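We have chain Z already, so just place chain Y on it with the hints.
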Amino acid sequence: MSAAATTLGLTGDEWLAIGLTAELAALTTVILLVVSAPLAWWLARSRSRWGQVVAALVSLPLVLPPTVIGFYLLLVLGPQGAVGGTLERLGLHHLAFSFTGILIGSIIYSLPFAVQPLREAFAAIDPRVLDAAATLRASAWDRFFSVVLPLSRGGVLTAVVITFAHTVGEFGVIAMLGGNIAGETRVVSIAIYDHTQALEYAAAHRLSAVLLGFSFVTLLAFYAINQRVMSPVKPQ
Amino acid sequence: MLRMVRFFAIAAVFVGLIAVARAETARVAAASDLKFAFDELKPVFERNHPPHRLELIMGSSGKFLQQIENGAPFDVFFSADVSMPRRLVNSGKAIAPVTPYAVGRIVLWSTRVDASKLTLNDLARPEFRKVAIASPEHAPYGARAKEALKAAGVWTAVESRLVLGETISHAAQLVDMQAADVGVIALSLALSEPLRRKGGHALIPDTLHQPLEQAWVITHHGRHNVAARAFTAFMGTTQARQVMRRYGFLLPGEKTE
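Keeping their order, the protein sequence lines are chains Z and Y.
Start counting the first sequence at 1; every next residue gets the next number (the numbering used here).
Start counting the second sequence at 1; every next residue gets the next number (the numbering used here).
If we strip away everything but chain Z, and leave its shape as in the complex, we get (with noise of 0.2 angstroms):
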């Protein structure tokens, strides 16, 4: 229908959702990587008994439907809401259909992914390497990225690959925030719902095929590399 020109079999509307996935992805796993180290390394040692309210919190997303999420964070961002009603009063933008909205919605939405496996990875670490570490004056930085890094290496790449694939594969919340804006909200999975809701069964098709493609891709890397990674180290 459309006379767009083609890159690949793609429009142009196509590889900007695709673009637009990519950098949203990418974004939330690197914003919940950083936010989730700190989080995932306190309820992997501490013993406050708050530690287990915390857990649940951050698994809830596993749990409740994204339209639920979807409806809290539009009544929130929205320009009624506590956060996007203050940054309007602000002379600011509401948070509601836009980039920066399904931003926030790709970080809680995905924070359990993140947070899960670091968690694991932390906890196997020994605590006498740590202390080790520090008998050597290794300052609290260094440990961490020296040793603590290294360490949970696996985990890390777990986090990064599935947080990323997680973002991806997001629809609910998008759809109930987003408003399927091209190239500000309209991710690729919005615009395969869009496209079969539109009768537009080769677009449908050709984005499908994508997503199928690069989950596929992305889990058999995954596994082929952390089969690598968690294994011991040996000498060769």
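Derived from the structure by calculation, the hints contain no laboratory data.
Some clues are possibly wrong.
The following residues of chain Y were derived to be distant from chain Z, with all beta-carbon distances above 12 angstroms [stated by the list, open to error]:
(1) ALA72
(2) ARG86
(3) LYS93
(4) PRO97
(5) TYR101
(6) ARG112
(7) GLU127
(8) PHE128
(9) VAL154
(10) THR156
(11) GLY200
(12) GLN210
(13) PHE234
The following label-pair restraints were derived from C-beta to C-beta distances [unchecked claim]:
(14) GLN80(Z) with SER83(Y): 19 to 25 angstroms
(15) LEU57(Z) with THR119(Y): 55 to 61 angstroms
(16) LYS117(Y) with GLY183(Z): 44 to 50 angstroms
(17) GLY92(Y) with ALA22(Z): 36 to 42 angstroms
(18) SER160(Y) with TYR201(Z): 27 to 33 angstroms
Some chain Z residues judged to face chain Y by a derived CB distance under 10 angstroms, without partners named [stated by the list, open to error]:
(19) PRO79
(20) GLY179
(21) ARG186
Since this is a predicted model, take the numbers as computed values, not measurements.
Note that the Cβ used here is the ideal one computed from N, Cα and C, for glycine as well.
What follows is chain Y alone, placed relative to chain Z:
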């Protein structure tokens, strides 16, 4: 005093420039019965009105109403009814006037059987295991379909076999994929190139339901958008009206034959 005047004059020009510079793309939220007509009108409009561009977003009128009330950045809303644009004007989310642009019709459509021979009363027959309509809750075409089924006296017979599409084009998709045996869809969709090839349709008498009068409104967000104004004006031209007529819409100022 003079300095004040000059300041305001400069400010006005500046605001005007921003409006002109920013308003070359209009985001049009349009009811999905307009899908094929607007796909055809978009390139014509863009060719006739450079540098204006349209970004079409198709969906159910009810969803657009909710999204615009929550601050969605659409510039103009082409609803499948008149009451939703009015509600937006009343709540200050859209700018009067609410302008009628077409009257739609509903039809029976099927890719399984020849629907051109069917009437609503036939839907009571058990061979139609699933009947697709748009959601009466948030799609005006669904609400009118429900009224027509009730008026024809088959609602109770059909109700348990209904499948609801989110939009009228979703209802058409359910029939197209034969997830439903027959559906009540928009005439504008049944007359479209891809659907016309797949099945016949039977017009549902418009005496069985409230008229499907459809109106557009400029949203508060789009109040300075020049492209949105240009597009709504374009909808009144002979060229646009001819396209709309081809999709079975009755236009303002015209009468049913």
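To see whether the hints hold, each was checked on the structure:
1. Listed as a non-interface residue, ALA72(Y) fails to keep its Cβ farther than 12 angstroms from every Cβ of chain Z; the least gap is roughly 5 angstroms.
2. Non-interface status of ARG86(Y) relative to chain Z is upheld: no Cβ of that chain comes within 12 angstroms, the nearest being about 20 angstroms off.
3. With a closest Cβ-Cβ approach of about 10 angstroms to chain Z, LYS93(Y) is found to fall inside the 12 angstroms limit, against its non-interface label.
4. Once the 12 angstroms rule is applied to beta carbons, PRO97(Y) is consistent with being away from chain Z; the minimum gap is 24 angstroms.
5. With a least beta-carbon separation of about 20 angstroms from chain Z, TYR101(Y) lies farther than 12 angstroms from that chain, consistent with its non-interface assignment.
6. Distance check on ARG112(Y): its Cβ is at least 17 angstroms (rounded) from any Cβ of chain Z, clearing the 12 angstroms threshold; non-interface status holds.
7. Look at GLU127(Y): its CB is around 25 angstroms from the nearest CB on chain Z, clear of 12 angstroms, so calling it non-interface holds up.
8. Against chain Z, the non-interface label of PHE128(Y) holds: every CB pair exceeds 12 angstroms, the least being about 21 angstroms.
9. Non-interface call for VAL154(Y) relative to chain Z: holds, since the shortest CB-CB distance, roughly 26 angstroms, exceeds 12 angstroms.
10. The Cβ of THR156(Y) sits about 29 angstroms from the closest Cβ of chain Z, beyond the 12 angstroms cut-off, so the non-interface label holds.
11. At the 12 angstroms boundary, the C-beta of GLY200(Y) stays outside the reach of chain Z, the nearest C-beta of that chain being 17 angstroms off.
12. For GLN210(Y), the requirement that its beta carbon stay farther than 12 angstroms from each beta carbon of chain Z is met, with the minimum near 24 angstroms.
13. At roughly 19 angstroms from the closest C-beta of chain Z, the C-beta of PHE234(Y) stays outside 12 angstroms, upholding its exclusion from the interface.
14. The hinted range of 19 to 25 angstroms is satisfied by GLN80(Z) and SER83(Y), whose Cβ atoms lie roughly 22 angstroms apart.
15. A hinted range of 55 to 61 angstroms holds for the C-beta pair LEU57(Z) and THR119(Y), which are about 57 angstroms apart.
16. Between LYS117(Y) and GLY183(Z) the beta carbons are some 46 angstroms apart, a value that agrees with the proposed interval 44 to 50 angstroms.
17. Taking the beta carbon of each, GLY92(Y) and ALA22(Z) are about 38 angstroms apart, inside 36 to 42 angstroms as hinted.
18. A C-beta distance of roughly 29 angstroms is found between SER160(Y) and TYR201(Z), which places it inside the suggested range of 27 to 33 angstroms.
19. Against a cut-off of 10 angstroms between C-beta atoms, the interface hint on PRO79(Z) holds, since the closest Cβ of chain Y lies about 4 angstroms away.
20. Hint status for GLY179(Z) relative to chain Y: holds, with the closest Cβ pair at about 5 angstroms, below 10 angstroms.
21. For ARG186(Z), the interface hint holds, the least distance from its beta-carbon to any beta-carbon of chain Y being 9 angstroms, beneath 10 angstroms.
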